[in-house]
Amino acid sequence: MPGLDDLYREIILDHYRSPRNRGELPTPPARLAVGHNPLCGDEVTVYVDVEDGTVTDVKVSGQGCSISQSSASMMTQAVKGRSIDEVQSMIARFKSMLSINEPPPPRSSVSNGEDAGDAAASATSPGGESGDVSGDGSELGDLEALRGVVKFPVRIKCATLAWNTLVEAIDAQIPT
Amino acid sequence: MTAAATTSHLIDVRAEFPLLARRFDDKPLVYLDSANTSQKPESVLVAMDEFARTTYAPINRSAYRLAAEATDVYEGARASVARFVNARDANEIVFTKNATESLNLVARAWGEANLREGDVVVLTHMEHHANIVPWHQLAAARGIELRWVPLTDDGELDLSGLDALLAGARVFSFTALSNVLGTITPVRHLVDAAHAAGALAVVDACQYVPHGPTDVQAWDADFVAFSSHKMCGPSGIGALWGRAELLDATPPFLGGGNMISDVRLDGFTPAPVPAKFEAGTPPIIEAAGFGAAVDFLEGIGMDNVRRHEMTLTDYALTTLDERFGDRIRIHGPRNIEHRAGVLSFEFDDLHPHDVSQILDADNVCVRAGHHCAKPLMRLLGVTATARASLYLYNDTADVDALGDALERAGDYFAL
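Chains A and B, in that order, are what the protein sequence lines are. Going by the working numbering, the residue at position 14 of the first sequence is 1279; the numbering climbs one at a time, nothing skipped. Going by the working numbering, the residue at position 180 of the second sequence is 259; the numbering climbs one at a time, nothing skipped.
These are calculated hints, taken from the structure and not from any lab test. A quick note: this is a predicted structure, and the numbers were derived from the prediction, not measured. All C-beta atoms, glycine included, are put in the ideal place defined by N, C-alpha and C. It cannot be assumed that every hint is accurate.
Cβ-Cβ distance ranges computed for the label pairs, FRET-style [said to hold, decoys possible]: (1) B:335 with A:1291: 56 to 66 angstroms; (2) A:1406 with B:105: 36 to 46 angstroms; (3) A:1303 with B:106: 26 to 36 angstroms; (4) A:1303 with B:487: 23 to 33 angstroms; (5) A:1406 with B:132: 55 to 65 angstroms; (6) A:1436 with B:106: 42 to 52 angstroms; (7) B:335 with A:1441: 50 to 60 angstroms; (8) B:408 with A:1303: 16 to 26 angstroms; (9) A:1436 with B:340: 49 to 59 angstroms; (10) B:335 with A:1289: 45 to 55 angstroms.
When the alpha-carbon atoms are kept at most 25 angstroms apart in a straight line, the in silico DMTMM-like pairs for lysine to aspartate or glutamate are as follows [said to hold, decoys possible]: (11) A:1416 with B:104; (12) A:1422 with B:441; (13) B:176 with B:148; (14) A:1416 with B:441; (15) B:453 with B:237; (16) B:106 with B:479; (17) A:1416 with B:112; (18) A:1422 with B:425; (19) A:1416 with B:439.
Work the whole structure out from these sequences, hints included.
So, in structure tokens, the structure goes:
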């Protein structure tokens, strides 16, 4: 069995104990989406402010396990200040990293191979020459710590909950 | 309480369960998830294997000797299950897929034939989704009204307003043993209250039948649902006990082969019970296993099973409280006369998923989640709990292992 330390990396525990960007944003102007993990009943609400195609602020409320909470916390840090295009690219990379169908690093040739390859490459050389070939600034950085979740398939939904909810929030109508 | 007095009622059947010899990382397995599903003794595994190797054939429809033997085993299992819950007649036992299907059968077949818009069905706040959703479905289709019996602070049914809730009700459907709180409900009292109000009494006994002596006649209920897989038998088969006259008067649930006396171009005539409710080829090998499971439990004696679990539950409540004090909050009644070995708990403000993940590193298997009882979770003010559940093959070492693993979980996430 993979060791617990593969799952509960120190940076994950840090974000769990001291979550960043927790709370709510006024709606409007923010938009929000609520995500559920039907497995455990966890619920997160993601608030996002988008101005001129850029995520200017993001906050997360709700409750969940260390994996879902730390993933949400790191996500808020990673997407704040990014353009929607960069955020979309980051979401794709993150989810690709947690895809159990993904062949092991370093390179894959499956249909979403670009993302998988980039994510894998950035794991070994973050910010390196191949880490961000698209030049969109979407390398995963600290979020790489969540790569170990793949070894615990039941927990993948915990790690992706906030991200799926972010997708919905970005697509949501601004409340009136 | 002395250690000798605590453990004198324990039985030792662990060696009869092959799976419990499984090791991970060269350490023994500590299986504490029997409220979810139970492990199977050697006798059940052998019965299914031998039946499949020597006797398996279609039931109820062929003249050759092999098919007659297979039918005898299938019907013999029905007789064993009927005896196990003290049914008047084997034909009062309908084999279903599980307790969930049994409850759906009542809600859909009996309910759709008998309930009209505005009719009232009373449930409790501690029901499993299996005893909620079918009634919600019926409510959506028929416009029936659902009422809910509330709970007391220590996790028992609050019966102070029961008569008012039951006034005018057509059905009272309730659990005999909460799969979250471990609470054992006063079944006979609830049945009497239902009948006094003119309501049908439906008992979800899925958690109860595996853990205590069950007498459907003493309960005087109308329908009782339970599952094989929680009582040392295989998954894929369960039972609905119903009073014979009620089963006779209830229309079929699923339609197909085996459940008919005649089929014509203009309609069909259902078979007599229980075949009327057993459409299609049933789980035949599983029935052989179900029969072997009740034989196994009868051999031990359900009074002994209950005493074992009361002893072990008391040991668990006492030692976990001693070790962890305010760090652990175990839901449900403290009085072991009123509860079974289902221990849902909060620990150190840790999320149940994290607790169960850390416990798994020590091979301690507990459920983390909402336990298919989301209305109860909301009442408790949590989204999920961790749940350790005990059965006849658990012992004090398993409880100690749970405590040791919780210590490590606390250390792991310590700030």
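Outcome of the hint check:
1. Here the CB-CB span from residue 335 of chain B to residue 1291 of chain A is close to 58 angstroms, well matched to the stated 56 to 66 angstroms.
2. Residue 1406 of chain A and residue 105 of chain B have their C-beta atoms about 38 angstroms apart, which keeps the hinted 36 to 46 angstroms range intact.
3. For residue 1303 of chain A and residue 106 of chain B, the hinted distance range of 26 to 36 angstroms is satisfied, since their beta carbons lie about 32 angstroms from each other.
4. Range check, residue 1303 of chain A to residue 487 of chain B: Cβ separation about 29 angstroms, and the 23 to 33 angstroms hint holds.
5. For residue 1406 of chain A paired with residue 132 of chain B, a C-beta distance near 59 angstroms keeps the hint of 55 to 65 angstroms intact.
6. Between residue 1436 of chain A and residue 106 of chain B the Cβ separation comes to about 47 angstroms, which falls inside the hinted range of 42 to 52 angstroms.
7. The beta-carbon spacing between residue 335 of chain B and residue 1441 of chain A, approximately 53 angstroms, falls within the hinted interval of 50 to 60 angstroms.
8. Between residue 408 of chain B and residue 1303 of chain A the beta carbon distance is about 25 angstroms. The supplied range of 16 to 26 angstroms therefore holds.
9. About 57 angstroms separates the C-beta atoms of residue 1436 of chain A and residue 340 of chain B, a value consistent with the hinted range of 49 to 59 angstroms.
10. For residue 335 of chain B and residue 1289 of chain A, the hinted distance range of 45 to 55 angstroms is satisfied, since their beta carbons lie about 53 angstroms from each other.
11. Our distance criterion of 25 angstroms between C-alpha atoms is met by residue 1416 of chain A and residue 104 of chain B, whose separation comes to about 16 angstroms.
12. For the given pair, residue 1422 of chain A sits about 23 angstroms from residue 441 of chain B by alpha-carbon distance, which is consistent with the 25 angstroms threshold.
13. Distance restraint check for residue 176 of chain B and residue 148 of chain B: the Cα-Cα separation of roughly 22 angstroms lies within the 25 angstroms cut-off, and the hinted pair is therefore satisfied.
14. Distance check on the hinted pair: residue 1416 of chain A and residue 441 of chain B sit about 17 angstroms apart at the alpha-carbon level, within 25 angstroms; holds.
15. This hinted pair checks out: residue 453 of chain B and residue 237 of chain B have alpha carbons roughly 19 angstroms apart, not beyond 25 angstroms.
16. Between residue 106 of chain B and residue 479 of chain B the CA atoms are separated by roughly 15 angstroms; this keeps the pair inside 25 angstroms, and the hint holds.
17. At roughly 23 angstroms between alpha-carbon atoms, residue 1416 of chain A and residue 112 of chain B fall within 25 angstroms of each other, so this suggested pair holds.
18. A distance of roughly 22 angstroms separates the Cα atoms of residue 1422 of chain A and residue 425 of chain B; the hinted pair therefore holds under the 25 angstroms criterion.
19. Taking the CA atoms of residue 1416 of chain A and residue 439 of chain B, the gap is near 14 angstroms; set against the 25 angstroms cutoff, the hint holds.
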